[in-house]
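Chains as they are written, first to last, in our numbering: chain A, 5 to 345; chain B, 5 to 345; chain C, 5 to 345; chain D, 5 to 345.
Keep in mind that the hints are not guaranteed to be accurate.
Copies of the same chain look alike in the list, so a pair counts if it fits in one copy or across any two.
As the list claims (entries may be wrong) - Heads up, simulated DSSO-like pairs for lysine-lysine below, C-alpha to C-alpha not over 27 Å straight-line:
| # | residue 1 | residue 2 |
| --- | --- | --- |
| 1 | K99 | K334 |
| 2 | K251 | K34 |
| 3 | K168 | K251 |
| 4 | K274 | K145 |
| 5 | K136 | K86 |
| 6 | K86 | K334 |
| 7 | K222 | K168 |
| 8 | K251 | K274 |
| 9 | K294 | K99 |
| 10 | K222 | K294 |
| 11 | K49 | K251 |
Hints were generated in silico from the structure; no laboratory data involved.
Each chain, written out:
There are 4 protein chains.
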Amino acid sequence: MIINVGIIGAGRIGKIHADNLRGIPQLRVKSVSDIEINHLESWAKERQIEVLTTNYYDILNDPEIHAVFICSPTNTHATLIKEAAAAGKHIFCEKPVSFSVEETKEALEVVEKAGVKLQVGFNRRFDPNFRKIQQIVQEGKIGNPHILRVTSRDPEPPNVEYIKSSGGLFMDMTIHDFDMARYILGSEVVEVFAKGAVLVDPAIGEAGDIDTAIITLKFANGALGVIENSRRAAYGYDQRLEIFGDKGAAKADNNRANTVEVSTVEHVSKEKPLYFFLERYTQAYIGEVKEFATAILENQPVVCSGFDGLQAERIAKAARQSLETGVPVKLDQVGQSTAIY
Amino acid sequence: MIINVGIIGAGRIGKIHADNLRGIPQLRVKSVSDIEINHLESWAKERQIEVLTTNYYDILNDPEIHAVFICSPTNTHATLIKEAAAAGKHIFCEKPVSFSVEETKEALEVVEKAGVKLQVGFNRRFDPNFRKIQQIVQEGKIGNPHILRVTSRDPEPPNVEYIKSSGGLFMDMTIHDFDMARYILGSEVVEVFAKGAVLVDPAIGEAGDIDTAIITLKFANGALGVIENSRRAAYGYDQRLEIFGDKGAAKADNNRANTVEVSTVEHVSKEKPLYFFLERYTQAYIGEVKEFATAILENQPVVCSGFDGLQAERIAKAARQSLETGVPVKLDQVGQSTAIY
Amino acid sequence: MIINVGIIGAGRIGKIHADNLRGIPQLRVKSVSDIEINHLESWAKERQIEVLTTNYYDILNDPEIHAVFICSPTNTHATLIKEAAAAGKHIFCEKPVSFSVEETKEALEVVEKAGVKLQVGFNRRFDPNFRKIQQIVQEGKIGNPHILRVTSRDPEPPNVEYIKSSGGLFMDMTIHDFDMARYILGSEVVEVFAKGAVLVDPAIGEAGDIDTAIITLKFANGALGVIENSRRAAYGYDQRLEIFGDKGAAKADNNRANTVEVSTVEHVSKEKPLYFFLERYTQAYIGEVKEFATAILENQPVVCSGFDGLQAERIAKAARQSLETGVPVKLDQVGQSTAIY
Amino acid sequence: MIINVGIIGAGRIGKIHADNLRGIPQLRVKSVSDIEINHLESWAKERQIEVLTTNYYDILNDPEIHAVFICSPTNTHATLIKEAAAAGKHIFCEKPVSFSVEETKEALEVVEKAGVKLQVGFNRRFDPNFRKIQQIVQEGKIGNPHILRVTSRDPEPPNVEYIKSSGGLFMDMTIHDFDMARYILGSEVVEVFAKGAVLVDPAIGEAGDIDTAIITLKFANGALGVIENSRRAAYGYDQRLEIFGDKGAAKADNNRANTVEVSTVEHVSKEKPLYFFLERYTQAYIGEVKEFATAILENQPVVCSGFDGLQAERIAKAARQSLETGVPVKLDQVGQSTAIY
């Protein structure tokens with residue numbers, strides 16, 4: 005069986021998924037839609053993409069299409085999920101599902117009723133380092149988890165225009181770390197305290213956002229967690245994680261382009277971390293589409309569900325509320341998840 | 005000139021200082037006092053200690069004594085500092101100065117008036133790793149500091165009896181980390197939020213204390229900080245620190261007994277961190293008495309003053325208050341430091 | 005322009021090249037030949053390979069084919085190179101070119117006359133670690149090279165039947181290290197001393213070969229080198245290199261599947277090196293076909309020429325001679341390279 | 005019991021031993037002799053050294069002296085050993101015992117007859133890294149040893165005058181590595197092949213010596229070994245070792261002044277190795293005198309005997325002979341050890 009895929013939104017991430025899908029024999033990118041397609045023609049031709057359209061209904065209404073990748077702006081996600089689910093397509097949707105917990109919940113209800121699969125693009129769950137940590141925790145090698153630490157720093161901030169529509173640091177950037185925290189610990193966050201600062205660029209503050217944050221988490225299983233964020237690390241993308249439990253600890257370090265160490269009269273040096281998410285998470289991007297394909301082909305649960313998307317959004321909301329009020333916020337005060345999840 | 009030293013309290017730490025003082029040609033341990041001295045006789049003889057007494061006034065009243073080391077229980081520190089200062093002795097006092105900010109302030113005022121030197125035993129300031137980090141920050145190599153992280157985990161908790169009289173995790177253990185935070189950043193803490201848990205041993209909770217904590221700090225210079233504590237790390241004493249700024253980051257890793265790496269069919273392994281503070285901070289203990297001696301001999305400021313002791317206590321108090329109230333606490337709400345400091 | 009490729013020999017390495025060639029838009033694997041093709045039919049179909057044949061002349065005589073990959077047994081390489089060159093095809097040939105220096109030289113002469121490109125499959129030149137080292141040396145960062153060290157240990161020996169026809173350790177395994185030595189230093193080997201032992205498996209000794217070796221090299225530029233080989237490292241494929249010069253040193257460590265470090269009461273451990281060449285040199289295999297394609301498309305020299313193949317074989321011959329005689333052997337005593345190279 | 009020690013020769017190494025001996029309660033440095041003592045008076049006084057003399061017989065004839073440290077130039081060692089042994093003193097002698105295998109053997113015979121202890125100053129046997137490796141090998145953790153590698157590079161060459169009287173690279177510098185090889189493997193060297201070069205300083209070559217070397221060893225147990233030497237590593241003292249066996253491998257890395265790692269826009273860097281032997285082997289120098297004291301006090305064998313000194317010298321001789329003849333040299337061709345050892 006060949007799974008035909010349609011991609012809605014052919015920006016940077018849509019194109020990456022298209023190329024990664026080519027590496028999987030049982031999948032075929034049949035159709036791509038975008039609001040502007042002239043510049044995509046040669047790109048699509050080289051990849052033998054059959055349909056290139058400005059009308060995404062050409063994808064949703066195509067009975068040959070089994071699955072859609074939603075790679076359009078966040079404010080379109082919830083609507084597209086509902087329409088795609090109604091059309092009976094399996095769905096891969098970039099994070100976040102929406103900026104509104106209610107909207108996300110509505111979309112998930114439609115998916116639930118339609119019985120299609122929905123995978124949210126928390127690509128880091130497919131990174132070999134973090135996955136290894138998750139396995140170590142699952143296998144009990146570090147015992148009961150006590151403290152989780154996530155260090156997550158971007159090499160440079162997005163432009164201020166983007167920041168204004170991004171939903172803010174917690175919804176745009178930390179949301180990955182919130183998901184990672186739940187993934188590693190296998191327990192829900194019950195309380196959030198967020199401390200933020202504008203230390204990288206005053207323009208970010210003027211846009212109503214922060215660029216530096218420390219977020220403390222309390223989990224249902226009693227563990228504590230802390231996430232450190234910065235929008236700009238001079239030395240590159242800093243993506244580390246450490247889990248500490250009663251039998252030991254496990255930590256994941258950054259990846260580098262090579263293992264070379266140079267010793268001179270000045271110092272002993274090695275490569276900086278890989279520059280940004282495209283370099284660092286190359287394998288993770290490949291992994292998430294492979295496992296999405298497997299979930300469809302073998303009718304298995306997805307690694308990263310709509311509920312996971314919802315929970316990460318609720319934590320982001322709580323963090324924002326904590327930042328604004330200056331006090332910790334309990335998760336159950338933020339858009340309760342309903343019975344079906 | 006030979007500096008004659010008297011040691012008040014010959015428990016474990018008093019004995020360590022005695023041995024380290026022997027390695028400094030210009031210092032001589034002349035006298036030692038303790039409440040019980042029979043078991044100390046051969047120890048003192050081997051070290052050519054002239055006076056062994058149960059009466060510490062034999063030290064304070066000895067005109068040949070230039071400096072005293074206060075190594076008795078914490079609840080005696082403030083009184084001893086005042087008496088020693090009044091007697092014109094330079095003072096090395098173990099941390100914390102007292103459990104009461106007011107008491108500490110009183111003691112510091114007496115020291116101030118007497119014009120003697122007072123060094124507080126925050127030994128970690130003399131650890132080669134942390135000192136190097138401090139230099140890197142001072143030299144501007146990482147630019148303006150944005151985020152400080154201190155990981156500080158003991159290999160095993162003290163017994164519950166000790167915990168009851170310890171002043172609690174923040175005053176007994178984290179106080180070193182609070183001092184380290186101020187030392188590295190060169191800026192005062194202005195707000196503290198503490199989250200704690202009892203995950204290591206329920207008996208610690210029953211004694212009214214916690215054994216696991218994450219503390220978020222805000223500094224006067226705008227930087228944020230986070231301290232992670234546990235009373236028990238299965239793999240040994242975990243003492244790491246990372247400072248992140250706009251030009252880069254610096255981090256100190258644990259020390260190990262050797263550099264050997266073994267590769268087998270199972271894995272690649274290296275030594276665990278050195279077991280506990282005596283092993284890890286051997287050099288730091290030597291360094292702090294050497295620099296105390298230098299401060300006296302060359303009439304220079306001490307690296308770690310009474311004011312440093314006071315500030316660490318105030319942060320510990322704020323952390324406790326935050327833990328109890330569940331909200332952040334501003335430092336200026338905790339035992340204000342007075343004009344002279 | 006699309007380059008059509010034919011692959012002669014579809015064993016493990018031929019199939020790897022086929023898959024890696026698919027990732028390059030401007031190349032197309034049109035034809036594959038092997039002595040037995042029944043088991044290859046579905047494999048070829050999935051990859052849209054047009055021609056599957058037992059007669060490699062179907063490739064050499066096809067005017068649409070621009071380049072051939074010679075992935076058949078070593079004893080066929082020289083003949084195939086000559087025939088492919090005569091047919092005007094560019095050639096990628098697995099190492100070694102042949103077991104005979106004279107045969108190799110004959111083949112290179114035909115290539116030279118035909119004016120086609122010949123790249124020898126010393127894939128390690130395309131490994132990111134070793135390439136970085138080579139750049140560092142070229143840029144003069146370690147100054148004049150004094151000592152080169154190559155550590156090269158396989159995770160397990162091939163079966164004894166293979167060993168009998170392999171040309172021996174130096175021709176089969178160390179030949180990669182000999183090429184690496186020349187690549188890193190950019191200078192020719194002038195003298196070889198080889199010390200060998202049978203420590204892994206007596207059956208290897210009975211087959212007339214060794215399984216453990218230390219080879220000392222002297223280079224034309226005065227530098228010294230040493231290669232350490234073992235046919236079996238319990239912990240996996242050990243592929244390291246260090247170059248030491250008058251301004252410093254650079255070394256490449258092994259690659260691991262992830263960066264995770266686990267600390268427990270027993271030890272601190274990390275992953276073993278990647279298991280064997282397929283895992284370790286994944287990127288190198290991709291790189292060598294990409295750069296071969298670029299050499300053809302842009303008419304540039306190949307990174308790894310027939311002459312490089314010849315020189316590595318001559319060093320392997322010298323090493324064997326040294327092992328047998330017990331004394332150092334000068335390279336100019338081994339199948340002199342002729343004027344044209 | 006207090007062991008009284010006399011030190012013959014108060015140059016750099018004699019003074020280091022004097023200070024390290026002070027740290028051992030049961031030892032006392034009573035006497036020091038040197039050919040010139042005026043400059044030593046305050047030094048000796050500060051250390052409460054009772055006798056300071058230009059006549060070393062004042063030490064050998066003093067019945068209170070139990071042990072002597074021979075720290076004078078190498079050409080006096082053999083004579084002093086014989087005289088000290090005849091006087092019934094235990095002996096710690098710096099390496100090498102002599103430049104002549106025959107002379108060394110004569111000295112060892114006198115020691116044997118006198119029944120005194122003789123420890124040779126191969127301090128590296130007491131280094132925590134190398135000792136750990138030795139234990140790992142002894143415990144069988146890496147199985148049967150196959151390949152030993154010693155990397156040993158000084159940060160700078162001695163002056164040419166010293167080199168002329170040093171006995172050459174192998175006798176002066178590599179002799180430590182030869183001893184280390186025997187120590188780690190617990191097996192005798194049976195064959196040596198040495199390749200040398202003058203790459204650091206032509207003046208060293210003009211003085212008849214080399215400054216760069218690769219030495220291949222074959223051991224009685226079948227293992228192979230390689231030692232890499234350079235007289236000048238730009239980045240400091242490079243002292244590493246790796247042992248590879250059928251169950252795995254163990255390696256010791258360099259020591260650094262701290263564990264700090266700095267990440268900037270340029271690179272990730274850490275400290276260089278400790279500068280030279282005084283910094284690197286601080287603990288080893290302390291260890292060797294402590295264990296010498298224990299050997300005397302508890303009448304146990306020394307860790308590093310006269311025979312060990314003799315064997316290292318014989319390997320150094322063989323290496324020199326190999327360098328000069330260009331071919332491997334068998335150890336049994338070099339000053340045979342006699343029956344008593």
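Okay, the hints, checked on the actual structure:
In this assembly of identical chains, K99 and K334 lie within 27 Å of each other by CA distance solely inside one copy; the values are 23 Å within and 37 Å between copies. In the homo-oligomer, the alpha carbons of K251 and K34 never lie at most 27 Å apart, since the shortest distance is 50 Å inside one protomer and 46 Å across protomers. For the identical chains of this complex, K168 and K251 are inter-copy neighbours only, at 26 Å across copies versus 44 Å inside a copy, given an alpha-carbon limit of 27 Å. In this homomeric assembly, K274 and K145 come within 27 Å of each other (Cα to Cα) only across copies, at 13 Å, whereas the closest approach inside a single copy is 30 Å.
In this assembly of identical chains, K136 and K86 lie within 27 Å of each other by CA distance neither inside one copy nor across copies; the values are 34 Å within and 49 Å between. For the identical chains of this complex, K86 and K334 are neighbours neither inside a copy (29 Å) nor across copies (47 Å), given an alpha-carbon limit of 27 Å. In this assembly of identical chains, K222 and K168 lie within 27 Å of each other by CA distance solely across copies; the values are 26 Å between and 29 Å within a copy. For the identical chains of this complex, K251 and K274 are inter-copy neighbours only, at 16 Å across copies versus 32 Å inside a copy, given an alpha-carbon limit of 27 Å.
For the homomeric pair K294 and K99, the shortest alpha-carbon distance inside one copy (18 Å) is at most 27 Å, but the shortest distance between copies (34 Å) is not. For the homomeric pair K222 and K294, neither the shortest alpha-carbon distance inside one copy (33 Å) nor that between copies (44 Å) is at most 27 Å. Taking identical chains as interchangeable, the C-alpha atoms of K49 and K251 are never at most 27 Å apart, the minima being 55 Å within one chain and 44 Å between chains.
Consistency note: the structure conflicts with the earlier hints numbered 2, 5, 6, 10, 11.
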